[in-house]
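Take the given structure of chain A and dock chain B to it, following the hints.
Going down the list, the sequences are from chains A and B.
Taking this note's numbering, the leading residue of the first sequence gets 15, the next gets one more, and so forth.
Taking this note's numbering, the leading residue of the second sequence gets 27, the next gets one more, and so forth.
Treat each hint with caution, since some may be false.
In silico EDC-like pairs for lysine to aspartate or glutamate, Cα to Cα no more than 16 Å straight-line [claimed, not checked]:
1) Lys35/B / Glu170/A
2) Lys35/B / Glu169/A
3) Lys127/B / Glu193/B
What the hints contain is simulated information worked out from the structure, not anything from laboratory work.
The structure presented is a predicted model; accordingly, all values stated were derived computationally and were not measured.
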Amino acid sequence: MGVLLTDSVRPPAEAGQTAGPSLAYYQAFWTDGVTFSIFLSTVWISVLVTVACVVLGYPVALFMRRAGPRMRIVLLALVVSPLLTSVIVRNVAWLLVLGHEGLINTTLRALGIIDQPLPLLYNTFGVVVGVTHVYLSFVVLPLFASLLAIDPSLEENAASLGASPWRVFAHVTLPLSLPGLVAGVTLVFILSMGIYLTPVIMGGSFVTTLAMTITDLVRNQYDWARAAAFSVMLLAFIGAVLVLSYAATRQLTKARGKEAAL
Amino acid sequence: MKESREGKKGAFVTITACVVLFFLVVPQIILLIQSFTAEDYLMFPPQAFGIRWYAFIFTDPEWREALGTSLIVASISTPVALLLGTMAALALDRGPPAGRKFLRGALLSPMLLPHVVLGMALYRVLLPIRLDDTIPGFVGAHLLLCVPYVVVTVGASLESFDRRFEEAAQSLGASPFSAFVHIVLPIIRPGIFAGAIFSFITSFDEFIVTYFLATRNFTIPIKIFSSLSYQLEPSIAAVSGLTLVLTAVLSGLLITRGGYGRTGQA
Numbered sequence: 015m016g017v018l019l020t021d022s023v024r025p026p027a028e029a030g031q032t033a034g035p036s037l038a039y040y041q042a043f044w045t046d047g048v049t050f051s052i053f054l055s056t057v058w059i060s061v062l063v064t065v066a067c068v069v070l071g072y073p074v075a076l077f078m079r080r081a082g083p084r085m086r087i088v089l090l091a092l093v094v095s096p097l098l099t100s101v102i103v104r105n106v107a108w109l110l111v112l113g114h115e116g117l118i119n120t121t122l123r124a125l126g127i128i129d130q131p132l133p134l135l136y137n138t139f140g141v142v143v144g145v146t147h148v149y150l151s152f153v154v155l156p157l158f159a160s161l162l163a164i165d166p167s168l169e170e171n172a173a174s175l176g177a178s179p180w181r182v183f184a185h186v187t188l189p190l191s192l193p194g195l196v197a198g199v200t201l202v203f204i205l206s207m208g209i210y211l212t213p214v215i216m217g218g219s220f221v222t223t224l225a226m227t228i229t230d231l232v233r234n235q236y237d238w239a240r241a242a243a244f245s246v247m248l249l250a251f252i253g254a255v256l257v258l259s260y261a262a263t264r265q266l267t268k269a270r271g272k273e274a275a276l
Numbered sequence: 027m028k029e030s031r032e033g034k035k036g037a038f039v040t041i042t043a044c045v046v047l048f049f050l051v052v053p054q055i056i057l058l059i060q061s062f063t064a065e066d067y068l069m070f071p072p073q074a075f076g077i078r079w080y081a082f083i084f085t086d087p088e089w090r091e092a093l094g095t096s097l098i099v100a101s102i103s104t105p106v107a108l109l110l111g112t113m114a115a116l117a118l119d120r121g122p123p124a125g126r127k128f129l130r131g132a133l134l135s136p137m138l139l140p141h142v143v144l145g146m147a148l149y150r151v152l153l154p155i156r157l158d159d160t161i162p163g164f165v166g167a168h169l170l171l172c173v174p175y176v177v178v179t180v181g182a183s184l185e186s187f188d189r190r191f192e193e194a195a196q197s198l199g200a201s202p203f204s205a206f207v208h209i210v211l212p213i214i215r216p217g218i219f220a221g222a223i224f225s226f227i228t229s230f231d232e233f234i235v236t237y238f239l240a241t242r243n244f245t246i247p248i249k250i251f252s253s254l255s256y257q258l259e260p261s262i263a264a265v266s267g268l269t270l271v272l273t274a275v276l277s278g279l280l281i282t283r284g285g286y287g288r289t290g291q292a
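The shape of chain A in the complex, shown without the other chains:
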């Protein structure tokens, strides 16, 4: 019945979507000058978010792996908690921290470090902070699972053979955790491509994503066909990313298989 529910809702809608009068709107996507640049800026934000999630998430996953069982549950709860608290609530919280009269600016001004409030909100920085906060756990969880699967004796052997801790990390831990990393990166990147709420709240009118354009087209301009064409483009792009990620995972498993055979 669940199947019926999902399927009965989607195909007619999708059929309606693609039954545009012509390919004109697809062409507009590339050539109207605005849409393609919005698409590129969405990709750029997604890349920034993904990088931030990896840079911030990797140490957390490493730390969780080393923690004792009880500590691990506490950490897990902390990492999972963003998944379970409202996105809009967390965005509002960030407004209070980053805004002109927010925590950071007020504190820095009170300390006399700055006299003008720092522009922390209503720009790409604000959006990336907000989205990273929401999606960080999507990188940490698969990474943590991957790290747990690594046999610690491999790292110990490398270290006892004289490798420095950084070399052990770069040549043993990192390559072995790649499957989790690929999974997390794919997930965050895909999810970031569809963001609407955070850029509207934390980007003001200065950051536009594809999702915002689509919503605006439907809600305010009733331009269904154009919105549908853009949605299909977004879906196609996401599909391409998924295919790439799948191929990468297969390559990884293959390479691993070869090493094992040697």
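Just chain B now, kept in the frame of chain A:
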């Protein structure tokens, strides 16, 4: 020498991890502090504290209506999602293997599809049958998003379930129904519990899909959103604080009782 380098790397990891975790938690704490302001405007730190704005959101008709709508929609969506999701998970577990992968993919797709696209598609379907901007319409939309969670959590419980228990009960004379109620149900209960909490939270928090459908009937996230476009008022902080506490309590229940830390969208 080597020991100290190992220590340095360890310290680096620990410090970074703690900073990141701090970054995860701090905004919510600030929000909670701010929501108890007794002033007319939000400023940090508040000069006086009180529950004035919490009282306000329960008396103001607009906020009350939004709270009511959200609660009703979440309370209907959750049990229905549980029923549909459990049935779908059972079907996936026991049905013919042909097409199982495809069905599972189709069932879980709302988790990965951009919600903007979903919202638009739903709006397109619900508009002609006049279900936009109604509670049944909202429930239908939320079901689409909640059912996948139930399929995942119940499916995970079913995976670890040994079918022989059920067969044994049936061979001892239990009817299929009573075998289901007495054997299967208790075993998949953690999955159902986790699915219920995920569903409720998802429904309560859902924004973009409902945003497409809503014109006059607002749920809490939409009301927050539309108020934000005027001014960041203390009432928004209070509602956000309330939502935060509600979801935190539910997730606390999930983590301590359900034993499900890792059944998220991944």
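Discussion item. Checking each numbered hint in turn, tell me which of them this model violates, lowest number first.
Written reply: Hint 3 is the one this structure does not satisfy, whereas the remaining hints hold.
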